[in-house]
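Novice: Chain residues, written in single-letter form:
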Amino acid sequence: MTHFDRRQFLRLGAAAGGTLALPGFSVAQADTRPSITIAVQKVVNTNTLETLREQSNVGTRVLSNMLEPLIATDWLGDLSLQPGLATGWRRLDERTVELTLREGVTFHDGEPMTAEDVAFSFGAERMWGGAAEAGAAGLFGSVTAGQGGKQPPAEVVAVAKRAFPAFERIEIVGPRTVRFVNKTPDITLEGRISRNVGVIVSRKAFAAAPSWLDWARKPVGTGPYKVAEFKPDQSLTLVAHDAYWGGRPPLKQIRFVEVPEIASRINGLRSGEYDFACDIPPDQIGDIAASGRHEVLGGLIANHRLTVFDKSHPLLESPLIRRAMTHAIDRQAIVEALWAGRTQVPKGLQFDFYGPMLIQDWAVPAYDMALARKLVKESGYKGDPIPYRLLNNYYTGQVATAQILVESWREAGLNVAVEMKENFPQVLAKGPSRAVRDWSNSASYNDPVSSIVAQHGPTGQQWQIGEWRNEEMGKLSGVLETSMDMGQRKAAFRRMLEICEREDPAYTVLHQTANFTAKRKDIRWKTGQSFAMDFRAANWGGMG
Amino acid sequence: MLRFLLIRFGRAALTVALVVTFAFIVLRLSGDPALIIMSVDAPPEAIAAFRKAWGLDDPIWLQYLHYFTAIGQGELGQSMRDGRPALQLVLERIPATLALTLPALAMKLGIGIPAGIYAALHRDSLIDRAVMVTAVAGFTVPSFVLGLVLVLVFSVQLGWLPSGGQESWRHAILPVLTLGIGGAAVLARFTRSAMLEVLGQPYIRTASAKGVPWARVVRGHALPNAAIPTVTIVGFMVGSLIAGAVVVESVFSWPGVGRLLVVAVANRDLAVVQCILLLVAVTMVSSNLIVDLLYGVMDPRLRSGAKAGAH
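Taken in order, these protein sequences are the chains called A and B. Residue 10 in the working numbering sits at position 10 of the first sequence, and the numbers go up by one each step. Residue 1284 in the working numbering sits at position 284 of the second sequence, and the numbers go up by one each step.
Certain hints may be false.
As the list claims (entries may be wrong) - Simulated pairs of lysine-lysine, DSBU-like, Cα-Cα distance not exceeding 30 Å:
{"#": "1", "chain 1": "A", "residue 1": "K521", "chain 2": "A", "residue 2": "K252"}
{"#": "2", "chain 1": "A", "residue 1": "K490", "chain 2": "A", "residue 2": "K161"}
{"#": "3", "chain 1": "B", "residue 1": "K1210", "chain 2": "A", "residue 2": "K150"}
{"#": "4", "chain 1": "A", "residue 1": "K252", "chain 2": "A", "residue 2": "K161"}
{"#": "5", "chain 1": "A", "residue 1": "K347", "chain 2": "A", "residue 2": "K374"}
{"#": "6", "chain 1": "A", "residue 1": "K183", "chain 2": "A", "residue 2": "K475"}
{"#": "7", "chain 1": "A", "residue 1": "K218", "chain 2": "B", "residue 2": "K1052"}
{"#": "8", "chain 1": "A", "residue 1": "K204", "chain 2": "A", "residue 2": "K150"}
{"#": "9", "chain 1": "A", "residue 1": "K218", "chain 2": "A", "residue 2": "K231"}
{"#": "10", "chain 1": "B", "residue 1": "K1052", "chain 2": "A", "residue 2": "K161"}
{"#": "11", "chain 1": "A", "residue 1": "K430", "chain 2": "B", "residue 2": "K1052"}
{"#": "12", "chain 1": "A", "residue 1": "K430", "chain 2": "A", "residue 2": "K377"}
{"#": "13", "chain 1": "A", "residue 1": "K421", "chain 2": "B", "residue 2": "K1052"}
{"#": "14", "chain 1": "A", "residue 1": "K42", "chain 2": "A", "residue 2": "K231"}
Said to hold, decoys possible - Reference listing, derived: stretches of chain B covered by chain A, where coverage requires no fewer than 3 residues with Cβ under 8 Å from a Cβ of chain A:
{"#": "15", "segment": "1024–1034"}
{"#": "16", "segment": "1145–1153"}
{"#": "17", "segment": "1158–1170"}
{"#": "18", "segment": "1232–1239"}
{"#": "19", "segment": "1243–1254"}
Unchecked claim - Calculated from the model, a selection of chain B residues having no Cβ within reach of chain A, i.e. all distances over 10 Å:
{"#": "20", "residue": "I1007"}
{"#": "21", "residue": "A1137"}
{"#": "22", "residue": "L1294"}
The hints are simulated quantities; they were obtained by calculation from the structure and are not laboratory data. Just so we're clear, the structure is a prediction, and the values are computed from it rather than from any experiment. We treat Cβ as the ideally placed atom computed from N, Cα and C, and that holds for glycine.
The following block holds chain B by itself, in its conformation from the complex:
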């Protein structure tokens, strides 16, 4: 088990390091922050001074070394555009993003999983068809289109809900719906597929043949086995809590991490972009790590596989 954990932690750390390295290199190769922040009309000596002050005139490997050393000391840098610590800027925006993504996650789980289970248990019925048609529609319509359609219906035509901003809880309803509908559709499809696969397994038929009540077969055998692929998707959704609403935040003018990321990238505010990507990577990797550990808890074969590998 220890080896299993160590391997998982090692992979997680490597993934975070790779993401951070990739972001670091791409950001530095795709535009000069000095020119963007100071403007192209700033005098050359001012541009040069800016580069020097922020260490942008150092070789990229040296910048990388400084960056990694700073991360090790818990220092994620200052915003070149705002002058404040990048982490502070990002942390200020996280509550706004979570105000959308957490209710949306609850919606995805609350609708997607029951709908998928129900559709699988009533395969080829009218309800199964209806659930799948809705799921495919929800899955394929891009979030910016869905968001605008919801605004047209509920804000412009009916006048029930605000179309954007963050003034009250009512402002969160449409963005949460936009995020939730797409995610629920994805979960419904995956849950249905996983359930159908499990329901076709011999042990399900055996349990039924032995006279175990169908409800117990589903609860005791089908659901736990179908949970593994579903948990994978849910893990991915949990990992997207911080930066999974970039488009929706733009459509609804919601001042969360997603909009901060868009503005920071446009302005090549390196420390802020790197800080967000680091947090996203850590969240995503942590979430996947927890999912991996849950696999072990849910499926003893994975634990024994890890033990076997240890010998």
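If we strip away everything but chain A, and leave its shape as in the complex, we get:
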């Protein structure tokens, strides 16, 4: 039997008292979590933080820390769909997905997330607010800061329509159950719901915002960090949302700072002002890592770089020229020379995470200069210059890649002439010099509908701007979008690849995109297969 003397008893009592007092003491203590600063090229392109307006790669990086969809994507892992604000979901029929909402989720303003908030997030006020009215009022005609009116800009409605083309309604079944109902059968509904367009935001906070612009610059979501200060074109400061359902965030504050010059980002990292520097070109990786105090992380993301053809251009009308161009490119040489082998040539416009829809035996057109020359000869091409509208390194290594392409095509007997352009509208403007251009295609969820249909089908950009169309491709897009038969869908997808990449080339894939982030070596953190930066507790191992 254990005996306690008086002193032991007093010590034990003091210790117990101290333990009881500890939580209160901890709360009273200063927040000792670290804060970090991240240098980025651009915080957001549209100067808003609303995913319905900001659909850029740079926006994805910051918004994923603030706003969450019902179904999450495992960006750090295999890109599979994961429980997010919904703990589970099931198919009721070809048009309906029932989702079970997570309990204990609170918005940044402390309000609990409800089924009504979900309905609101997909509702008319936020997503479908009347394109005509919004457009008629101009982008900011009805949404000027400080003025009344919550009419979203027309572009918001356009983005929503592209993301959910056949959306019918959200049905509230119970406090924790909602149904997403589509007008047409769609096997990709779960994937669509996982897109950042479908993040859940606070209905009350939206109502309380003085204007749409005020809302869009400080949206109230459920993510681990919330907006503390947003200075358009300058910086975004996020602070921890301590009531986050996924656990207390590990960082007290994240500050994204706009540093447009790459040299300035790297210098700031080296001098210790920034903990992370984003958008690092491959040729800088060696130098950064050489310091010993920094490292560059990153790699492949779900995005492919393409060369795109305008078949309405007289010189590209013949598929033979376009096919010749696809065979004249040594893609592996581009990967080795410009990316130091840090990316890869994919299997055409598809991604490994397509799973059962991946066409394993598909490949980009083989590099075959003899075949390219033969096709040029057969086409009867007379040597007229083929215009190539080019932006100045909007994509990593874009100009150097273009130089390789032009020389490759010259070797095949094609006279391709570069025309430098300042922005995408200039590149896409209809005219006699629109023939060849650059593009990249992402897959926002694990199905080819998210890429080949979204970009090259009847609702895609190429089709919409009159650059390329193919009737069979149009019909197959419908099959891919609405059929629930996996066999039929896979056959349709294969045929689409044959059309778009071989028979009647709409584009040719050059390589997969890689994204690189430099950081302090003593920060234990991982990048994902996305531009999104995950600063939740599970991906933060500390610093120093």
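For chain A, the structure is supplied; the task is to place chain B on it using the hints.
Specialist: Okay, now just chain B, sitting in the frame of chain A:
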């Protein structure tokens, strides 16, 4: 004198009008703001509505007329991208830019003019050579290269100063140095040339021959006469106070008017670009006007020339 003033004011107003007109036309011909701001994927009806709402579907002469009428009423338009008055956006950024350009101007004047005078008075000496070599180097190295070199030395290697941003006064040191070194070099070269030219004039030799102390010759005869070309350059520098730091602001991530201009041009935010260009033109023209008036004050021959022209 009145005619002199009227001519100068007339020229200034014409210059501002030409700058504004040129900017107006070039901006409208070089890209459609609707496509850039709404994105190329926006539906055609939304693009059309945007153009209508902002008057972009009117003939360019009508847009120009509306614009000039609005300027006359003190209305410089709204930012298409931000929704706020363009003037407000620009005015918010001016203090940040002046926080760089004013100390840089003081540095240019404080170093450039004395260095140029000293070099001229000690022509062909070791110091003259050193000053000129430094001035040529400072003058020829582009500001973005100089800025990056300063960051490499003082931020990366020595760790003494921050490399970018606007959090404290320490953040301003390197951009001010970058702006100041180049400008001081320019001023030093011009001041030296002007002084050498004046020092070679007969009246300087005459004054010396008459036994006037050299220091008095320099103070009383050389410096005032050499001031005219120097004042011209200083006037240009004063005129550049608002938009003279575009490159440096980009290199040092300094949120001033220069960066606002770059972003506004990239996004074809017409009202903001036009507002900045108007302010720059007004500043530059005002500065030149003051310089013109100073010429008259400093050199009586110019005043008498203006009077002679009036007869």
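Novice: Hint numbers the structure violates, sorted upward?
Specialist: Per hint list: 3, 4, 18 violated.
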